[in-house]
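**Student:** Letter by letter, the chains look like this.
2 protein chains.
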Amino acid sequence: MEKKTLKVEGMTCGHCKSAVTNALTELEGVKNVTVHLETGTVDVEVDESKVSESEMCEAIEEQGYDVKA
Amino acid sequence: MEKKTLKVEGMTCGHCKSAVTNALTELEGVKNVTVHLETGTVDVEVDESKVSESEMCEAIEEQGYDVKA
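Chains A and B supply the protein sequences, listed in that same order. Our numbering puts the first residue of the first sequence at 1, with every later residue one more than the last. Our numbering puts the first residue of the second sequence at 70, with every later residue one more than the last.
If you are wondering where the hints come from, they were derived from the structure by calculation, not from laboratory data. Owing to the predicted nature of the structure, the values given are computational and were not obtained by experimental measurement. Heads up, some of the hints might be wrong.
As the list claims (entries may be wrong) - Residues of chain B placed beyond 10 Å of chain A at every Cβ, according to the derived structure:
| hint | residue |
| --- | --- |
| 1 | 81 |
| 2 | 84 |
| 3 | 90 |
| 4 | 105 |
| 5 | 117 |
| 6 | 121 |
| 7 | 124 |
| 8 | 131 |
| 9 | 136 |
To be verified - Which residues of chain B face chain A? A few of them, derived with a C-beta cut under 10 Å, are:
| hint | residue |
| --- | --- |
| 10 | 80 |
| 11 | 83 |
| 12 | 87 |
Claimed, not checked - Below 27 Å or equal to it, Euclidean Cα-Cα: the simulated DSS-like pairs (lysine-lysine) are:
| hint | chain 1 | residue 1 | chain 2 | residue 2 |
| --- | --- | --- | --- | --- |
| 13 | B | 119 | B | 86 |
| 14 | B | 73 | B | 86 |
| 15 | B | 76 | A | 7 |
| 16 | B | 137 | A | 17 |
| 17 | A | 68 | B | 86 |
| 18 | B | 76 | A | 17 |
| 19 | B | 86 | A | 17 |
| 20 | B | 100 | B | 72 |
Just so you know, even glycine gets a beta-carbon here, dropped at the ideal spot from N, CA and C.
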């Protein structure tokens, strides 16, 4: 598992936090998702043999947020 | 039915809008709930013989928002 931090725009409240956390946690190979609303960042532990960064981005974008490169 | 506008603090996004809209719509005697995020206001149509203002406030507060007097 590798630690990564994603920059995500538009998360404002506890509901946003849950939406992003759940969407990422549902992906195989993603664990220990922590959303930081203040900084607009999401810490994850990723097994890169099971999930790609673009799959994670897609999951977040499906919830209505933008991932910054 | 009487039109009322409630002032609600802390609503920031579409999820908040849904949470407040659903909580109020579930009350008997409340109809046509419209949340305005920009102004922090909620327009409702109320049948005051069926629901009190304090019941509406309670429903909103249960969702984690503050109603201003």
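**Student:** Among all the numbered hints in the text so far, which are the ones the structure does not match?
**Tutor:** 1, 2, 15
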